[in-house]
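For the protein sequence lines, the chains are A and B, in the order given. Here the first sequence is numbered in full-length UniProt numbering, starting from 1 and rising by one per residue. Here the second sequence is numbered in full-length UniProt numbering, starting from 1 and rising by one per residue.
These are computed hints drawn from the structure, not numbers from a lab. The model shown is predicted, which means the values in this text are computed figures rather than measured ones. Glycine is no exception: its CB is placed at the ideal position from the N, C-alpha and C atoms. One should not assume that every hint holds.
[What the hints assert, rightly or not] Facing chain B, a subset of chain A residues (Cβ under 10 Å, in silico):
no., residue
1, A465
2, K688
3, I723
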Amino acid sequence: MFSVKPLKPTFKSYLLPVQTDLKQTPQPPIKKLEAKLLPGEIVVNEVSFVRKCIGADSSHGDLWGKLICTNFKVSFITHDALPKQRFQVANRLLGEHDVPLACVEQVVTVNDAKGKQKVLCSNQKLKFNPTELVLYCKDFRIIRFRFDEAGPQSAKKVCLAIAHYSQPADPQLLFGFEYIGKQYYGSLGERVNGVDPGGGLQMPLFDRPSEWDREIKRTGAAEWRVCSINEGYVVSPSLPEYVVVPVSLADQDLKQYLCFFTAHRIPLWCWNHPNGSALVRMASISDPLQQRKLDQRICSAITKSHPQRSDVLKSDLDKNLPNIQDIQAAFVKVRQICVIEPFEESEEKWLSSMESSRWLEYVRAFLKHSAEVVYLLEGKHVSVILQEEEDRDLSCVVSSLVQLMLDPHFRSLTGFQSLVQKEWVMAGHRFLHRCNHLKKNDKEESPLFQLFLDCVWQIINQYPAAFEFTETYLTVLSDSMWIPVFSTFLFNCPQQRTENSMDFAKSKCIPMGEEKALRFPPVWDWSQQFTPKDQALFNNPMYVGKGATCVQNGTVKSFRRTKKNYSSTLRGMPSSLRNILMDGHDSLTLTRRNSLVPRLKPDFSQIREVVESPTERFFRDWVSRPADLQGMLIPQLLPSHLALWRLYFLRWVPEASIPKGGPVTAYHKLSQLADEVEKLQSQLRQYKGATPASTPTSNPSAPPSDHSRMYFKAGSTHEPSSIPEYLSSSFPFSPVGNMCRRSILGTPLSKFLNGAKTWLSTETLANEAL
Amino acid sequence: MVLFLTGHYPIVHVFCNSVDSTSTSRSDRSTHAAKTPYAMSSDNVSTSTEFSPELRVLRDSNKEEPQLLPKESVQDMAKDVTYICPYIGALRGTLTVTNYRLFFRCMDREPAFVLDLPLGVVSRVEKIGGASSRGEVSYGLVCKDIRNLRFAHKQMEDSLRKSIFEILMKFAFPVSNGLPIFAFEYGQVYPENGWKVYDAQAEYKRQGIPNESWRITKVNDHYEVCDTYPSNLVVPVNIPDEELKRVAAFRAKGRIPVLSWIHPESQATVTRCSQPMVGVNGKRSKDDEKYLQAIMDANAQSHKLFIFDARPSVNAAANKMKGGGYESEDAYQNAELVFLDIHNIHVMRESLRKLKEVVYPNIEESHWLSNLESTHWLEHIKLILAGALRIADKVESGKTSVVVHCSDGWDRTAQLTSLAMLMLDGHYRTIRGFQVLLEKEWLSFGHRFQLRIGHGDKNHTDADRSPVFLQFIDCVWQIARQFPAAFEFNEYFLVTILDHMYSCLFGTFMCNSEQQRVKEELPKKTVSLWAYINSQLEEFTNPLYVNYSNHVLFPVVSMRHLELWVGYYIRWNPRMRPQEPVHQRYKELLAKRAELQKRVEELQRDVTNRSASSTERAGSPTRSITPVQTFV
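All chains, please: the whole structure from these sequences, using the hints.
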């Protein structure tokens, strides 16, 4: 039915290399252009003889093929190879030219002969035959297809299908449900593919009490307990089933208090500092009459859980930080100047445009606020409550950042993933709404998670050896939000996952048995998307982790998080200085004893005048000492020290890509060296294992098998390493074919829109009479 | 990959420790480094501490005075001087002035606070206001390295006694006071004679010159044709010396077009000169036209010649009023003239002044980026880099020879040719190659360092001062940032060059031309900066360096990639941490590799010995170990 017709002469040239192949193999298998489908995936519509635009200004190098809309993705299938040598990490769920429907932000159809264009929405009509389709993607790609040689009706149908299917009416229409249903449950309802997705993950997902228990033990939070009053989500739908509360609060007390909290969200324990101070998050108290009383009860319970009975300070995030609409507006603007506006035109005012987007200002605001909380926990030894109206947005960012700054465990890969799981997924961050997967909650859309990732990147950028993972990892993690099969990003809270699973299972007659929810894989099961080799791109060769070793006085030692190690940063200072530091602590204690800081302050911004100078001094003291990468890390907060996350924002922009340059060239060199070190270590192990009697059977100088953590392997030892051709500052992404902003109708798109400074807004274009 | 997006290096001048000039603390470090080969040494903790003020203080913790250099002597010392630090506030201590430096030490503080800067960085000293209510007089020091310092001390009861600041004025501006610059006194001996780093003939030989098209002429041996040019000049073979003199008459200051660089394959060349003396009447010179044709003909690959005029076209046209101007395309067949829009020294000076206002002492948090934009500093950097990129691209991709000039050909032209050469030729990206590049394109071709920096001269308003060389180093930093593995040297190398350009400790940046340097006998009477740098190369080496063999660097010249060089311009801010650099970690890995290699070899030996011991008992272990290979 979809067999390939003989190609038209106009693009004969593209076949020339293939024809030379024909001579060599007389009977070439004629490959059909067919979509590769995942379980549960079906083709909705397709059109042949479509041209995918590659270059910005000419059709040179464009690819010919078939454009297919399925219930999961927009797929472009071609026999043509990309003109330039390029490099892109392959995703197991997606082909080279595929875009998941969930990643499609806007569908724009154009007829340049008639001078018309239209932004397509679900269930719309299109009164002209499109000659061109432009997909604006959530990951910032802009992909263009031309229909000059394609059947006009089929082209139109595909465009309409893409518009329709990228705006599902119901969460259960998100592809993940069909996929999981088919992938893990057979047609008769039996379980297939034996292994649980993500079953082999060595990290807590925090959906079981035991995992919370372990976290309590790990942080030494002796006076805190796991509470299961929300089992079955009976008291609050947006809270996880298991939460951690002060030991002194009985279930009875909590049940009594919960109705006074917004959405019944009682305070949640996040983390304990080794000094006993706790980090707690909670929703606002809805009943003003109860506020004072309840505040006092909660705080005294937290105080009781502190070994020194320290104070509790409350930080009102809604008052001190931008709200979700501000953040969304900033993100739209920064995207606008990074990828939509013509490159040269935006050069002149680049810095002030960046400033006016306010994105970096917000990134800094979150980092700064988190650093201040760090000061309270670490420097003032007090417990801190993060309070937010619903405790589901800003507090996710702040609580995760505070923990990243204070606890090196969260800077390892699994630690980081468990942190996101704990403070975002389980705490009920509304990923479904904030991602706007259903495209009908525009006001709810907000890139809080991307903002968080940017904040993490800023810290990595300043302390490149402190994290186990790379910026590629962070970027890929962000992109995974738009592949709607992962439990991590599909739901507003764990309860919704359960409810939607039940409904879906019922409608499809999938027996759930004992299970509470369909087994959506978490995004952390990276084997769903990438080969082990590609996953090595996540590993930072410089990481100085717990197990990592460093060299001291020529001998290899392990880093350990011990008091001794920390105080070693003071080694060599005059003893009088050490006393000063101790005095510093004493004076803080004094302050507290003298009750200059009242026991409970509703908002620490009010006591800024008292604490500001100690905060500043605390930061300055810390900055003046060398950083212990396995200790507390405070980012430098001068605006001059925050940078644009270029890989994330500019990776698709061809003009901004540095051939054979960019940070990746250093990563390349470091990885090779780290790989060599690993190989030596493994040789060493082999020798140690060898008994005196038997010389090692395997040749120890032979490189060990593919177990290396590093993406770039050490070359042969005497060959000077050179930079591979495919490396660029966009690596492992490539701008080729992913950013076609070419002018439409002879004018840049932005001009066509009368210089509208925003991402093509639906209203602007939809209102155009067509 | 984030790696080293902000690879700030441990710059010695943390906080208010300034250009710490010398063999004192530096040699401490190099001996230290010598003991433990990979300077990450003791542990990363102490290494970084080494750059922090505290540890530095330890070294001289019991002294109020600085450790003096050879021939350095204390000129005055005053107790109870207040340093008004913009970050910490008033600090009371002892101020020492020598014939080389200003040294302030506050003993009341733990750790002791030290300010140690060469007087060469001082641009201006002024008394601020009259005596305050507390009877203190206040002095402000404006520095060339983006700092201002403020001191105060009690009004002298003995009105006859000179204030220490008057002494300071005398030694900060030796030229104005008829005193020798300290570089002429400093007599430190280094293992290498830095003056031998650059040998013009050897450098041209490296480029393959002389060849069938180009020759080295001796016409300027005694600086008679052009007193701001070097003695060795490379010119087209078929232009005799007599004609060169006639060309010189048509070019400003006699700066004729001469070869700077030749492409090893295509033979396309980069030549530099000054503007033609066209004037309002559009004067022509047959000799000059023939000469440019000869430059074009020397490159068989192209039948075109590009003339890059660094100036904005308006400025170039305005120069006609003063007898100068630019090549008309009528007169120069086959030549295409391109204006690169780079502004003059006065605009650049003003831009840096604004930048200083924005970055020192504090940054206004809410409008950082728009304030930075309003200085236009990065915009100027962008234009210079863009010009150099166009030149490199024409030569490399277009295989076309280029002629570069501005008005006199010693400021913008030096920036453009040296940056283009840095992109085109990997040799200049090595430490020694970069020294050669500076010696050649900047020093020998007469960039007027004495005038642009104003060494030892109190006339701080001199219109000849301009941060042209600073801009060049900034551009180098920008390229190195885009290609972190393409340069053999690190950021600290660049900062050191800038610091010592001002310090007046070395002779390298003294005088305005080769002729003056010869006359002043600088190589005999002063030490070269390269002697100091090459005696401790490890400090300045980028361990990530990969020799991009024959690879031309094409940086992306876009505001999206240009950044303010925080590690230089904002280094005085105590809130800035000299970061744990990627390089540090790389060196640790190198050391670890060496250590592991050693252990593998030991075990290997062990296993061999044990298996051999059954047959041969008393054999001592063989010492034949493959040498630990390192390519730092």
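Each hint tested on the structure:
no.	hint	in the structure
1	A465	holds, 5 Å
2	K688	holds, 7 Å
3	I723	holds, 6 Å
Violated hints: none; the structure is consistent with every hint.
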